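Number of protein chains: 2
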Amino acid sequence: MAIDPSPQKFMVVFQPSGRHAYVTAGQTLLTAARDMGVEIESICGGQQTCGKCKVVPDVGDHPKYGIASKLEHLSPPDVEEQNYWTKRRREARQYRLSCAACVQGDVVINVPEESQARKQIVRKSATTRQFTIDPVVRQYFVKVKPAELGGRQGDWERLQASLANTHHLTNLRLDYFALRDLQAILRQGQWEVTVTVWQGSPENKPEVIRIQPGYQEGLYGMAIDVGTTTVAGHLVDLQSGQILATESMMNPQTTYGEDLMSRISYGMLNVDGVAKMHTAIIEALSTLIARAARSAKLKPTDIIDVLLVGNTVMIDLLLGINPVELGGAPFALATHAPQDFKARDVGLKIQAGAYVHILPAEAGHVGADNVAVIMAELPHTQEDMVLIVDIGTNAEILVGNKERLLSASSPTGPAFEGGEISHGMRAAPGAIEKVRIDPVRLTPRFRVIGQERWSDELAAEEIKAAGICGSGIIDLVAELFAVGIIDAGGKFVLDTPSPNFRPTAQVGEYVVATAMQTSSGREIIITQQDIRAIQFAKSALYTGAKLLMERRGIKQVDRVLLAGGFGSYIDKQRAMMIGLFPDCDLEHVYAVGNSAGDGAVICLLSRERRQHAKEIARQIEYIETAIEPNFQDRFVNALGLPHNRDEFPHLKGLIPAITTERKERRRVKA
Amino acid sequence: MAIDPSPQKFMVVFQPSGRHAYVTAGQTLLTAARDMGVEIESICGGQQTCGKCKVVPDVGDHPKYGIASKLEHLSPPDVEEQNYWTKRRREARQYRLSCAACVQGDVVINVPEESQARKQIVRKSATTRQFTIDPVVRQYFVKVKPAELGGRQGDWERLQASLANTHHLTNLRLDYFALRDLQAILRQGQWEVTVTVWQGSPENKPEVIRIQPGYQEGLYGMAIDVGTTTVAGHLVDLQSGQILATESMMNPQTTYGEDLMSRISYGMLNVDGVAKMHTAIIEALSTLIARAARSAKLKPTDIIDVLLVGNTVMIDLLLGINPVELGGAPFALATHAPQDFKARDVGLKIQAGAYVHILPAEAGHVGADNVAVIMAELPHTQEDMVLIVDIGTNAEILVGNKERLLSASSPTGPAFEGGEISHGMRAAPGAIEKVRIDPVRLTPRFRVIGQERWSDELAAEEIKAAGICGSGIIDLVAELFAVGIIDAGGKFVLDTPSPNFRPTAQVGEYVVATAMQTSSGREIIITQQDIRAIQFAKSALYTGAKLLMERRGIKQVDRVLLAGGFGSYIDKQRAMMIGLFPDCDLEHVYAVGNSAGDGAVICLLSRERRQHAKEIARQIEYIETAIEPNFQDRFVNALGLPHNRDEFPHLKGLIPAITTERKERRRVKA
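Top to bottom, those sequences are chains H and B. Counting from 1, position 653 in the first sequence corresponds to residue 653 in my numbering; the numbering is continuous, with no gaps. Counting from 1, position 37 in the second sequence corresponds to residue 37 in my numbering; the numbering is continuous, with no gaps.
Same shape as in the complex, but just chain H:
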């Protein structure tokens, strides 16, 4: 009788994906998974060292697949696998190493989430953010054949052979600095090393950017949002997606100019202006990274990937490009493409071989930070018509949905961040962040950051107010308007009967905190000029948003997302009362926090999102507000508070009610 020489095959099912196939007896589960496209994590490449590939056999009948899955359908643990589990007895009861267990019967295998090579991650936020962790760097553990006398291959050639054998990695490049230490590290690790491979750009072959002795685990990256005023960065565990540290600091370039135009001018008027601003931001970024590393108990050299976002001028300056072209028409970018440079070329002090990735830009005035916002909020994938405003010194505006998305940039100036306001300050302890004005007595009460209680619940000397931050100013202007201290044009009503109001030559000022209530012992006031600055800022934002809505052919948006660090603290009702954004049901107005920062973290973690960012940045329609013929007129028309009541149906019952009360009070008084 003839014996069938072909090896036996058994059904293997992987859960939760449900992928299944007949597998030749004797194959490891890891190989079977790889062949079926089920991605199981593995750093050691099947050497039963890393334990990343552990799986749970699902014993029992599985009628769906017509099989009975049994433990003995896998080869019993060999000595090496037993050694691995010896130290981990509790886990050993349910897990097997998929690189060791061989198929010898039908089985159903559960791949737990931590063993999946591409982990799904859900970030909780005002909007739900879901994406897959798939960083552009990965670690591979390998055993390398020791050098032999008469052997004709160099250490790098033998390392390449091991990487090809164990991990199927071929065509690798090697970073210069990784080559430098290669020999010492191979010997230090006794011919066992962990190699970090960067595969960040489809244009370049994968590159070995770090070699560590022995078995090593740990990939850390930084996602940094370089704002005109603030630089904020997250240190991220690139394997779990966890944020290990968050740091922020002032952009040191503010010394050279508060806003974008003044930085551009500084670069034009000073021979070494660009170099100075470049050096300042690069040093700041290195400091920020060092701080974040310290709080995560890491070294700066542990950082192996960096993703940067920022507006186009910030990105130019940090790359050392003169941003002069962005200061005037036609606002030409050096490049709109995403960039991958060696961090050392840019000047960042992290791991020598690491890259820095910069997200693409949309146009001269809408940069990588706005692309990051899109990657966080994904407006281009949704049915809802959404308006996203990312409020900073420069505001970026997005309007649209999955059918068509438009963007613009509006120069709001630093008013919302407390800049160019008499007693303005950044959102920091001591800043007045909320204000209410009594509609009858016309006196204020307020809350400062760092205090649980309002000013009227504290003794004056306990309050220690230091200034007003953005959300406080918006509250203040909205309240002043609601109680009638300022009129719809933003002007102080000079006969206002408030003890806190002082009419000065044709203008006036309002005392928010008395000398007793402040840390400096001096009053905190708001002047006519301050109100003017807020009006300019909000009108720029509003006009830009309305222009985009008009171009998109809509009169109303379904949702408004207020992004930016400042956006998180804003009182959305009062923001709409001053006309910061077009009318919307307040239930559908969300403060989404630092959306650009979140998008940066997502793109740091996901190769796919970087590719997606590259594509979407080319698809968005950019509207250049600076060349819009009647933009100036619209801007002037939108300066009022709220400039046109008809445009804000959702304000009904908010301002009108107060207004009636106010009239009543005046009547009684008269």
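Treat the hints with caution; some may be incorrect.
One copy or any two copies: either way a pair holds, since identical chains are not told apart in the list.
Here are the simulated DMTMM-like pairs of lysine to aspartate or glutamate, each with C-alpha atoms no more than 20 Å apart in a straight line [said to hold, decoys possible]:
1) Lys614 - Glu157
2) Lys205 - Asp340
3) Lys143 - Glu81
4) Lys402 - Asp487
5) Lys9 - Asp583
6) Lys143 - Glu72
7) Lys276 - Asp181
8) Lys143 - Glu91
9) Lys342 - Glu203
10) Lys349 - Asp302
The set of hints was computed from the structure by calculation and includes no laboratory data. For clarity, every value in this text was computed on a predicted model and none was experimentally measured.
For chain H, the structure is supplied; the task is to place chain B on it using the hints.
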């Protein structure tokens, strides 16, 4: 009657290649050439600016192709071509621009050598060197579409579009530093720029490494041989192949050790030893490049490509790799592959975007310098059995022919370069380079570098000898032996009746130059120890060469090539008299000069040779002399002068003749 709508075609023949085809009427000659694979030079890509593509129409009957070639079979020069020729009237009589002349009849076109994209070059040397100039960098002139308001492309994207249109260059990468200045240069050149593209490694996509404003011509590179003792570099015009400047200097690492082993030790014994030696050589290379640039009336930033060769320890140190592994078995290389790094990473101060290429190594002790020698002499392409010795502080030896080639390395020490010799010095003005000893009177006469006449033709005080260089020492030892002042074992014959010989306690010394004849006012002598050092050096070389010949299965070589700066000045007859290399007909012993340096220049100029070097470095059989079991015995046996007369049939009539004379003299004297 139907009209044939297909356009007319005409026969176009390009000379000297003879390639021909029917070409559609109206096509330019440049396009026709490209389609036929005839490579015509063009920097401006057909914009009638560079004139690189000029050709000569060959008017007359060409029966071979059955056509009559006429001037009017080309479209007459248009305004732009007329403008080009206006300034070049003399040339205009015979030339046409192939990018402008369109085919309108049968023509035969001569492509002059200067218009051929790949020029053949022949270097005159002891051996003839022929190769094709095809550098890894090329310049391309382009006109870029200016930035437009509302245009969605960055400057780099528009530049890419132009490069694709005009020069069919796609998939380009852009160097970080080239990006930095891109915008300013585009505007400075009024949207016309010359782009330098590097295409040095098949592993990487082509990269724009420099952007210059307007139309620019000029590509310059440096080929540098980093020797243990001397660093020598050629500045080369990468378009013509011409050497514009040659500079050399001491390797500053000599401070840390004369030979390879002492440098390796220095690196092992000092924490910052490798860093110090790395910095020293990199600074020296930058200085050398700056000097060469100055003498060629260029700036260091004009250098756009660098090729480095050297022994494996020198290459390690200049890359900052600790060479400790090369100090002991198994002599593991970090890598044997050729390397392409950014010059800025290595630390060289040249054009910011430029690369440095390092030729591959054969094995732990045979490095890029020996590969360069092979690329210069091409022993692997020849029928003749050849022995090549590259003499330096470390000597590399090659034996074989096109069927099989073997290499080895021998630590000769610095004696041939004047090191470790009492009055040794490098080949510089004042060095005694030739010596003759009168066989009867046993007194010397000599010639110093910088003097036309011999010492006996000058007044003593005119001579100003400063020391003895390598070729002088070889002459001296050979002559001392020939006249019987030293015996076949290298020992002074203590009863030598010479006024210049002084027997000292059991040893002796010989005065080469008297105090009157030297610049220092002190005698120049050679001691027993000096002779010993020369014997060690020559025996190391000889034993290595004989070992390779044995492995190759030959008793005799057809040719001996003496390479190395020192090899050029050597008296080959006297070199064989001391047994520096195995027996060979002196007619077939050639001093080929700095062969490694020539090979470096060739590889700097030829992409193909670099590829070839990569392949050949893997094919050569390397013999590790250090582990050859009876190498030490052979070495001791070869210390004599010449150690075994039977092995040197070609010495017959040289030493024997002198020996007879010597015996006669002694007899008379006795």
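Cross-check of the supplied hints:
1. Lys614 - Glu157: Answer is between; shortest inter-copy Cα gap is 14 Å, intra-copy 35 Å.
2. Lys205 - Asp340: Result: close both inside a copy and across copies, 13 Å intra and 14 Å inter.
3. Lys143 - Glu81: within (17 Å within a copy, 65 Å between copies)
4. Lys402 - Asp487: neither (40 Å within a copy, 97 Å between copies)
5. Lys9 - Asp583: Answer is neither; intra-copy 65 Å and inter-copy 70 Å both fail.
6. Lys143 - Glu72: Neither: 31 Å inside a copy, 72 Å across copies.
7. Lys276 - Asp181: between (33 Å within a copy, 16 Å between copies)
8. Lys143 - Glu91: neither (26 Å within a copy, 67 Å between copies)
9. Lys342 - Glu203: both (15 Å within a copy, 18 Å between copies)
10. Lys349 - Asp302: Classified as within: same-chain Cα gap 11 Å, cross-chain 29 Å, threshold 20 Å.
In this structure, the hints that do not hold are numbers 4, 5, 6 and 8, in rising order.
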